[in-house]
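Participant: Produce the complete structure using the sequences and hints provided.
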Amino acid sequence: MFPLSIFPLPGELVPLHIFEKRYRQLLEDAEKRDFSFGIYFSHTLNTEKLGALVQLESVIKRYPEGESDIIVRCTDIFEMTKLYRTHEDKLYPGGDVRLWNTDLTVQVSNKLKSEFDSYLSAIHISTPAKEVSVYHIANELGLDMNQRLKFVLSDEEKKELFLLHHLHYQKQLLHHVEKAKDVFHLN
18 MFPLSIFPLP
28 GELVPLHIFE
38 KRYRQLLEDA
48 EKRDFSFGIY
58 FSHTLNTEKL
68 GALVQLESVI
78 KRYPEGESDI
88 IVRCTDIFEM
98 TKLYRTHEDK
108 LYPGGDVRLW
118 NTDLTVQVSN
128 KLKSEFDSYL
138 SAIHISTPAK
148 EVSVYHIANE
158 LGLDMNQRLK
168 FVLSDEEKKE
178 LFLLHHLHYQ
188 KQLLHHVEKA
198 KDVFHLN
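Per my numbering, the very first residue in the sequence shown carries number 18; after that it's consecutive.
Fair warning: there could be bad hints in the mix.
Unchecked claim - List of simulated lysine to aspartate or glutamate pairs, DMTMM-like, C-alpha gap at most 25 Å:
1. K49 / D113
2. K128 / E173
3. K38 / D113
Hints in this document: simulated from the structure, not taken from any laboratory.
Facilitator: Following this line, the structure appears as structure tokens:
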């Protein structure tokens, strides 16, 4: 378990800088045994005790002092039932969790897919995504931590409404930015 003040969503790639001895040990174990580990969202907003199950994607850089820059991919969400100061005979923490078994293959409605494609076009991404889940869209929108929690705690129908609202809001912002360009002139 790796307590941090971040809350990745399924499908999201996250860069991490590993420098503490206990987390260097966790990285070594993840590389050798190819296992997933948890990033517990250590924040006062997290009253539900949620976290993200992540899998090591790659080690970007290793430093002479033993530090590393890595990329992990979130594969699931979990609820923490108990956090242990150390995991078995290791330096890093461990925990008891209940996985949500998030399915990234569940497609969104045609309406949401259409709105998402329109948003991608507005930000000049010309190749729309072929397979799109609610988590793919949420990852594109740059939600803050409060919004991420609200999103994951919603039922499936409300997740889509939440995303439709945020897509509409982002498109409105883009529209106003474009309009402002017409008002200001360089001197």
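Participant: Under the constraints set out in the numbered hints, which ones does this structure not fulfil?
Facilitator: Going through the list in order, the structure violates no hint and respects every one.
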